[in-house]
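**Student:** In order, the protein sequences belong to chains R and G. The letter at position 102 of the first sequence is residue 242 when you use my numbering, and the numbering goes up by one with no holes. The letter at position 47 of the second sequence is residue 50 when you use my numbering, and the numbering goes up by one with no holes.
If you are wondering where the hints come from, they were derived from the structure by calculation, not from laboratory data. Please note that the accuracy of each hint is not assured.
Stated by the list, open to error - Simulated DEER-style distance windows between Cβ atoms:
1) L75/G - G220/R: 16 to 26 Å
2) H97/G - D208/R: 15 to 25 Å
3) P174/R - L71/G: 34 to 44 Å
4) F7/G - Q234/R: 54 to 64 Å
5) R230/R - S66/G: 39 to 49 Å
Even for Gly, the Cβ is constructed at its ideal location relative to N, Cα and C.
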Amino acid sequence: MMTGETFLSVAVQAAMGMLLVGMVMVLFRLAKGPGAADRVIAMDLLSVLVVAFLVVLSIHTRKTSYMDVAIAYACIAFLGTIALVRFIHRASVQKQLRQKQKTPARPLPDHSGEKNHD
Amino acid sequence: MTIFIEFIVSFFLVLGAFFALAGSIGSYRLPDFFSRLHGPTKSTTLGVGSMAVASAIYFSFQSGRISLHEVLITLFLFITAPISAHFLAKAALHQRLHQKKEGTEKIS
Numbered sequence: 141m142m143t144g145e146t147f148l149s150v151a152v153q154a155a156m157g158m159l160l161v162g163m164v165m166v167l168f169r170l171a172k173g174p175g176a177a178d179r180v181i182a183m184d185l186l187s188v189l190v191v192a193f194l195v196v197l198s199i200h201t202r203k204t205s206y207m208d209v210a211i212a213y214a215c216i217a218f219l220g221t222i223a224l225v226r227f228i229h230r231a232s233v234q235k236q237l238r239q240k241q242k243t244p245a246r247p248l249p250d251h252s253g254e255k256n257h258d
Numbered sequence: 004m005t006i007f008i009e010f011i012v013s014f015f016l017v018l019g020a021f022f023a024l025a026g027s028i029g030s031y032r033l034p035d036f037f038s039r040l041h042g043p044t045k046s047t048t049l050g051v052g053s054m055a056v057a058s059a060i061y062f063s064f065q066s067g068r069i070s071l072h073e074v075l076i077t078l079f080l081f082i083t084a085p086i087s088a089h090f091l092a093k094a095a096l097h098q099r100l101h102q103k104k105e106g107t108e109k110i111s
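This is chain R alone, in the form it adopts within the complex (with noise of 0.2 Å):
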């Protein structure tokens, strides 16, 4: 016999197995990936996942804190990936910079009085 409350729990405990099994599908794509921006990639995904991991959640335990996280949770994934791609483009500019103009690899600049600008 099946009420419409454990219909909902069985669909709650269904969207959560495959959001689990998509969060190690991500994972997996993350230890493998390329490049840095596949990683970077798989990293907004996952952090897409546990935001609707966070709302299934809310549903589960039925207290609407949860979605407080999740909003907060979003905006910091969001930030992250932003500083992340942000930190990618910048070293490849950096080091097509480099390759134009043929010279080795510069190393840090230190700003130690000395004038070593070109």
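Fit chain G to the known structure of chain R by using the hints.
**Tutor:** Same frame as chain R, but now just chain G:
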């Protein structure tokens, strides 16, 4: 709470979980970087949106008043996912052009 609402909430939950799972499998299986960027991002965003709809229906009928947290989550994700995907595509495009000029193979 009627059983009809439970069915609707369960339908949206399983639909969203299905889309999220499809996006994750696509992220694992797709061969190219740009297809991995294109497909799973949109599919997973749709999955989260569907789950947020399910949660909004559930809490609206449970507490008797309209709950707007889920709408906020959906709005935020629908705004930020294209932004991050655009930045990622720009960075990867720059990297790939650079590497193709360098003579090595693709980054995917």
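**Student:** Would you mind marking each hint as holding or not holding in the structure?
**Tutor:** So, going through the hints one by one against the coordinates:
{"no.": "1", "hint": "L75/G - G220/R: 16 to 26 Å", "verdict": "20 Å, holds"}
{"no.": "2", "hint": "H97/G - D208/R: 15 to 25 Å", "verdict": "37 Å, violated"}
{"no.": "3", "hint": "P174/R - L71/G: 34 to 44 Å", "verdict": "42 Å, holds"}
{"no.": "4", "hint": "F7/G - Q234/R: 54 to 64 Å", "verdict": "59 Å, holds"}
{"no.": "5", "hint": "R230/R - S66/G: 39 to 49 Å", "verdict": "47 Å, holds"}
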